[in-house]
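Residue numbers (our numbering), protein chains in the order written: chain A, 353 to 451; chain B, 19 to 158.
Be aware that one or more of the hints could be misleading.
Claimed, not checked - Here are the computed lysine-lysine pairs in the DSS-like style, where the Cα-Cα straight-line distance is at most 30 Å:
#1 K72(B) - K29(B)
#2 K116(B) - K127(B)
#3 K60(B) - K415(A)
#4 K401(A) - K415(A)
#5 K122(B) - K401(A)
#6 K123(B) - K394(A)
Everything labelled a hint here was simulated from the structure, so no lab data went into it.
Letter by letter, the chains look like this.
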Amino acid sequence: MAEMRGRPVSASQRPTGGDKAVMTQKKQYFRRKKICRFCVDKIDDVNYKDVKLLSSFVSDRGKITPRRISGVCAVHQRRLSDAVKQARNIALLPFAAEI
Amino acid sequence: MRIYEELFIVKPDAPEEEIDAFIEQIKQVIVDGGGSVDKIDKWGLRKLAYRLSKHSDGYFILMQFSTGPDAVLEVERRLRVSDLVLKFLTVRIDEKLKWLEKRKKIREKRARRKPAPVHATGTGAAPGEPVAEAPGERTE
Chain A
353 MAEMRGRPVS ASQRPTGGDK AVMTQKKQYF RRKKICRFCV DKIDDVNYKD VKLLSSFVSD
413 RGKITPRRIS GVCAVHQRRL SDAVKQARNI ALLPFAAEI
Chain B
19 MRIYEELFIV KPDAPEEEID AFIEQIKQVI VDGGGSVDKI DKWGLRKLAY RLSKHSDGYF
79 ILMQFSTGPD AVLEVERRLR VSDLVLKFLT VRIDEKLKWL EKRKKIREKR ARRKPAPVHA
139 TGTGAAPGEP VAEAPGERTE
């Protein structure tokens, strides 16, 4: 990850993450309007079997992308992470992928 | 009767008849336990995400069956003991299926009530609607 300049160290200023404004040394963080893909597309069933859907929420190293980056809501992030873990167990997704 | 879903991986170099015979065995175990097999789906050869017992592909088989709790233990035991099977995963899905049905019905009911398209953006899409939105629905 590149060096984040202008990012204050204090914990009181929580970074919202995924903000391109951070790179431009702005002290002010504004929350980009995040939409949960599952809520918008009304996907009810987050299944461990659809690897295509799951792999879009997994990094190139095979790690689950955090909510603040992917914009997923809490409920769906929990289901998503359960599905990814199940898929990993049955060798549909890797535990750790080489880039 | 609980509905289970079983996904297991068989060695890729196993002959077709052996795999079929094995599936028949499992079916027999389920039927003996008083259950029924709903569907069997053979995905065929797929590349595995990581090496399993020195194999890089596997033959995936998906089974859905409804049975009591004891028969599942027997099925899992057979899978564990068998030489053909590399990995298996059993998921209980009856509650999930019920919930999905309920969600589908709620969506259909809502779609029928509103004549406007479902993906209407902005507020006031249906101003005459006295019924409050369900808490699970996100307003944009």
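Pair hint K401(A) and K415(A), alpha-carbon separation not exceeding 30 Å: holds, 17 Å
Hinted pair K122(B) and K401(A), Cα distance within 30 Å: Answer holds: K122(B) to K401(A) is near 20 Å, not above 30 Å.
Restraint status (C-alpha distance of K116(B) to K127(B) at most 30 Å): This hinted pair holds, its Cα atoms lying about 17 Å apart.
Restraint check for K60(B) with K415(A), where alpha carbons must lie at most 30 Å apart: Measuring from Cα to Cα gives roughly 29 Å; hence the hint holds.
Restraint status (C-alpha distance of K123(B) to K394(A) at most 30 Å): With Cα atoms ~13 Å apart, K123(B) and K394(A) stay inside 30 Å; holds.
Restraint check for K72(B) with K29(B), where alpha carbons must lie at most 30 Å apart: holds, 10 Å
Comparing the model with each numbered hint stated earlier shows that all of them hold.
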